[in-house]
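Going line by line, the protein sequences match chains W and H.
If you count by our numbering, then the first sequence holds residues 1 to 463, one letter each, in order.
If you count by our numbering, then the second sequence holds residues 1 to 218, one letter each, in order.
Just to be clear, a hint being listed does not mean it is correct.
[As the list claims (entries may be wrong)] SDA-like cross-link-like pairs, simulated, lysine to any residue; straight-line CA separation at most 20 angstroms:
| hint | chain 1 | residue 1 | chain 2 | residue 2 |
| --- | --- | --- | --- | --- |
| 1 | W | Lys-201 | W | Gly-215 |
| 2 | W | Lys-203 | H | Arg-7 |
| 3 | H | Lys-205 | H | Ala-173 |
| 4 | H | Lys-56 | H | Ala-46 |
| 5 | W | Lys-203 | H | Val-134 |
| 6 | H | Lys-136 | H | Phe-78 |
| 7 | H | Lys-200 | H | Val-134 |
| 8 | W | Lys-32 | W | Phe-437 |
| 9 | W | Lys-203 | H | Ala-9 |
Everything labelled a hint here was simulated from the structure, so no lab data went into it.
Just so we're clear, the structure is a prediction, and the values are computed from it rather than from any experiment.
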Amino acid sequence: MATEETRDLSSEALARPPVIGPGYNFTSITDKISAIVLRRKTSRGWLAGFGVSFAIVSLLLYAVGRLLVLGIGIWGVEIPVAWGFAIANFVWWIGIGHAGTLISAILLLLHQKWRTSINRFAEAMTLFAVMCAGLFPLLHMGRPWFFYWLLPYPNTMTLWPQFRSPLVWDVFAVFTYFTVSLVFWYIGLIPDLATLRDRAKSKFAWFVYGVLSMGWRGGSRHWRRYDAVYLLLAGLATPLVVSVHTVVSFDFAVSILPGWHSTIFPPYFVAGAIYSGFAMVITLAVPIRAVYGLEDFITMRHLENMAKIMLATCLMVTYSYLSEIFFAWYSGDRVEQYMEANRMIGPYAFMFWLLVACNIVIPQALWFQRVRRSVPLLFVISIVVNVGMWTERYVIVVTSLHRDFMPSSWGMYSGTWWDYATLFGTIGLFLFLFFLFIRFLPAISMAEMRELVPEAKVQEAEG
Amino acid sequence: MHPTFHRSANTVARLSIYGAVFVLAGLAWVAVTVGRSSYVTEAGIARRQPVPFSHKHHVSDDGIDCRYCHATVETSAFAGMPSTATCMNCHSQIWSDSPVLEPVRASYRTGEPLRWTRVHNLPGFVYFDHSIHVNKGVGCSTCHGRVDQMPLTYQVASLQMEWCVECHQNPAAYVRPREQVFDMSWRTDRQDEQGAQLVKDYKIKDTHTLTSCSTCHR
Chain W
1 MATEETRDLS SEALARPPVI GPGYNFTSIT DKISAIVLRR KTSRGWLAGF GVSFAIVSLL
61 LYAVGRLLVL GIGIWGVEIP VAWGFAIANF VWWIGIGHAG TLISAILLLL HQKWRTSINR
121 FAEAMTLFAV MCAGLFPLLH MGRPWFFYWL LPYPNTMTLW PQFRSPLVWD VFAVFTYFTV
181 SLVFWYIGLI PDLATLRDRA KSKFAWFVYG VLSMGWRGGS RHWRRYDAVY LLLAGLATPL
241 VVSVHTVVSF DFAVSILPGW HSTIFPPYFV AGAIYSGFAM VITLAVPIRA VYGLEDFITM
301 RHLENMAKIM LATCLMVTYS YLSEIFFAWY SGDRVEQYME ANRMIGPYAF MFWLLVACNI
361 VIPQALWFQR VRRSVPLLFV ISIVVNVGMW TERYVIVVTS LHRDFMPSSW GMYSGTWWDY
421 ATLFGTIGLF LFLFFLFIRF LPAISMAEMR ELVPEAKVQE AEG
Chain H
1 MHPTFHRSAN TVARLSIYGA VFVLAGLAWV AVTVGRSSYV TEAGIARRQP VPFSHKHHVS
61 DDGIDCRYCH ATVETSAFAG MPSTATCMNC HSQIWSDSPV LEPVRASYRT GEPLRWTRVH
121 NLPGFVYFDH SIHVNKGVGC STCHGRVDQM PLTYQVASLQ MEWCVECHQN PAAYVRPREQ
181 VFDMSWRTDR QDEQGAQLVK DYKIKDTHTL TSCSTCHR
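In isolation and in its complexed conformation, chain W is listed as follows (with noise of 0.2 angstroms):
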């Protein structure tokens, strides 16, 4: 490992714009990380951001409660169109987490440096992103008090969950998504949370940070071990980011529906979950290294690499539409054709151009380096591709169930006042999330970061 990475650092520092800023220190480092949680004032910004998302926070649970009041006649989910705006919220947003898990796992273990400043805020994406997503399909369940019924539990009518469903699958994927992010994300922090016990001026953060950072006294005998907890939980994560979504593919590709059952749509999923995972990174991660002044940490080189796997995973979402469409053709299968062309110029053809405008035209833009180092340039792509996402999810669900192989159950669907008030909600409920996570959490990585420093080479390499 150590001469590893001192090879790394001769390498790489001339080939590329180093992964963190000139000039720092162990102790600048996390002076500079742990001040904006433990000595910064409460910025007024903080507060606005906190409050307007608190108040959307409000507005989901009235959502919610009037749901769970009134039943989902509500929403404007109805036969044909079933599933409307719950399933593509629910699929859009674990998509998002999956940027959280490929930087957290995959980039560990393929030992890219550059994930050190961003997998921490990434990882705690995907879990809210998750936490989100959950939300949906309970809430789709109709009687969501009921969502223990989806666990295999030795219950009074003798019955197990139908395993033959995707559904199911979807609800183990999902359940071990969230778990085994939690354990990472929370083992990660441990040694943070050391850091900010032994750096806490209040009796209260003292305790709190003592009681979560679990007797971590930083011993060489504690680093062997979680080094080795560490990468083994890394190897655990690295399957899911391609297992769930899969899964989640599945959930449309195992039905018979026209536009749904297709082999493509795993690999599909995949990458356009990764796609929009990596335009919410680059979404939170421009505003917090300015408000905060983590330019240093938080790089060029950092949000170049993120522009580029943004890049890659466009071409393969491209490359997936194109595949549908020629399939659909080449099937030579009527009711696959027809579904092909009413997605065209059918009565959603408005959200399917806007899908290939935001996913497949306007990020060409990133093949120029001066736009993937225009951070505002990056911003605004990366909530395109969000929109884009978004909308690629509704298009999926509603045009394949609007209109099936019998033009006599054919209709129409459109999303409530009620639907949009809880997607809104659900994004307010992340920004809430975030803006705690923020504040009371180290934001970057304090003791992964230290490892970057020139500080740390030399002494390994003395020693």
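We have chain W; now place chain H onto it with these hints.
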């Protein structure tokens, strides 16, 4: 630097992690047990009735057949509740001025039926038919227990789905000859050989059909 917590915190931490397993397992056990208890199922609890009717007295002491009162049990979904006139067949002659039976006489005078409290209350989403069970050799006591020994009527079974499915999965363990259906004290030592034969003779459907969702939830 002084230590953050007292040394005992280590032990407390280990204990709480170790103990959490048992606490969670205990909670799960409580949930499963309460869900099957008579607090939830109301099994074994005698209901309050307008008249304290005793099946023990009418069946065991007087020897009245089940079908004298529950007249439609062999032909319809509902076993049938007797009209007040059925009661009065006897009670116009015996115990005819007992104060306990005043509600019965009042009902007879006014034509207003007695309002019995239902003991076996299946949910509305369950389709249940008495006649098919009786005709395929399911005895009264198989589901209702020894009603002939109940001074006040109560439900014996949980009526939970697992209880229904137990028999639908393996009817051979429960069916008896048709002639014995109304015999409250019927028992056999040869259920193993007899049951399978009866299932065949009575053409009771296979487990797959009997446990299909739409057999009971229509």
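Verification of the hints:
1. At roughly 18 angstroms between alpha-carbon atoms, W/Lys-201 and W/Gly-215 fall within 20 angstroms of each other, so this suggested pair holds.
2. A threshold of 20 angstroms between alpha carbons decides the hint, and for W/Lys-203 with H/Arg-7 the separation of about 18 angstroms falls inside it, so the pair holds.
3. With a CA separation close to 14 angstroms, the supplied pair H/Lys-205 and H/Ala-173 stays within the 20 angstroms bound.
4. For the proposed pair H/Lys-56 and H/Ala-46, the alpha carbon gap of about 13 angstroms is at most 20 angstroms, so the pair holds.
5. For the hint pairing W/Lys-203 with H/Val-134, the CA-to-CA distance comes to about 74 angstroms; that exceeds 20 angstroms, so the pair is violated.
6. Annotation: proposed proximity of H/Lys-136 to H/Phe-78 holds, straight-line Cα distance about 16 angstroms (limit 20 angstroms).
7. For the hint pairing H/Lys-200 with H/Val-134, the CA-to-CA distance comes to about 16 angstroms; that is within 20 angstroms, so the pair holds.
8. Between W/Lys-32 and W/Phe-437 the CA atoms are separated by roughly 17 angstroms; this keeps the pair inside 20 angstroms, and the hint holds.
9. A hinted pair counts as satisfied when its Cα atoms are at most 20 angstroms apart, and W/Lys-203 with H/Ala-9 qualifies at roughly 17 angstroms.
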